[in-house]
Amino acid sequence: MADCVRLDRIGIVLVEPHIPENIGSVARAMQNMGLSCLTVVNPRNCDLSRVLKTATGSSIDLIEAMDVKEDFSEAVGPFEYVVGTTARTGTLRPAMMEPRGLAQALIPITSENRVAILFGPEDRGLSNEHLRQCQSIVTIPTASFSSLNLAQAVMVVCYELFLAAAEAPQETLPRLADRFELEGMYDHLKAVLTKIGFIDRQNPEHWMINIRRFLSRMPLRARDVRIIRGICRQVDWYTGQHKRSCARTDTD
4 MADCVRLDRI
14 GIVLVEPHIP
24 ENIGSVARAM
34 QNMGLSCLTV
44 VNPRNCDLSR
54 VLKTATGSSI
64 DLIEAMDVKE
74 DFSEAVGPFE
84 YVVGTTARTG
94 TLRPAMMEPR
104 GLAQALIPIT
114 SENRVAILFG
124 PEDRGLSNEH
134 LRQCQSIVTI
144 PTASFSSLNL
154 AQAVMVVCYE
164 LFLAAAEAPQ
174 ETLPRLADRF
184 ELEGMYDHLK
194 AVLTKIGFID
204 RQNPEHWMIN
214 IRRFLSRMPL
224 RARDVRIIRG
234 ICRQVDWYTG
244 QHKRSCARTD
254 TD
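In my numbering, the protein residues as written are 4 to 255.
If you're looking for bench data, these hints aren't it; they were derived computationally from the structure.
What you were told as hints is all true, and nothing was included just to trick you.
Capping the alpha-carbon separation at 30 Å, the derived lysine-lysine pairs in DSSO-like fashion look like this:
1. 198 to 246
2. 72 to 193
3. 56 to 72
4. 193 to 246
Listed next, with one range per pair, are the computed distances between beta-carbon atoms:
5. 226 to 6: 18 to 28 Å
6. 37 to 220: 23 to 33 Å
7. 199 to 149: 34 to 44 Å
8. 115 to 190: 22 to 32 Å
9. 230 to 201: 11 to 21 Å
10. 149 to 37: 23 to 33 Å
11. 6 to 246: 47 to 57 Å
12. 143 to 241: 42 to 52 Å
13. 239 to 56: 53 to 63 Å
14. 246 to 37: 56 to 66 Å
15. 246 to 131: 32 to 42 Å
16. 107 to 198: 34 to 44 Å
17. 107 to 178: 18 to 28 Å
We treat Cβ as the ideally placed atom computed from N, Cα and C, and that holds for glycine.
Build out the structure end to end from the sequences listed, making use of the hints.
As structure tokens, then:
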């Protein structure tokens, strides 16, 4: 049984960062708090000479080991649990938690699963499309002005994770479905539910937001995804049989 957050199972993912020095500062914050997995997605500028200006000391090793990806889905695909960070709220965004609550929630999850924590571009943050692939959304409370420097935001979250690395034992969760498996399931659901008329063909993504929100309330395991996709295949088969039966009746 896990007795704390597994920091070695948590990756920080910077989505489209603009300023190289911020990448270095993030690496330093992560190193201070005991995290070592950094992924950068489609950076606007990844000039290493500028990155290393702020990635001092042993955080240079973290920069040398960081993973740079061009595609967002490829970057988050291997993770079983994805967390987005944002300062904005809205009806299209799921319920939010604060960093301390996230740290507690990750104690059982990191026992058997890899977790990605996403931070968006400095000027606009994560988009709705990015947040759509997250199981949890985190916001950092502030007194007034809600916008934080990228490295500041990473430090706040990593600090809470660091504290939770020494918390009392809680229940553990088995391996969850990764983003590749979940997105395949959602695509399958959308196709089948559109076919049977449950969701509007003209705007299927609007309806899928509620379905995603509902299914994100529970951590889905890989076998749960297989069950849901099996149901989709059966519905697809049945509707095909029914359509052919109706066609034969019309011919007769």
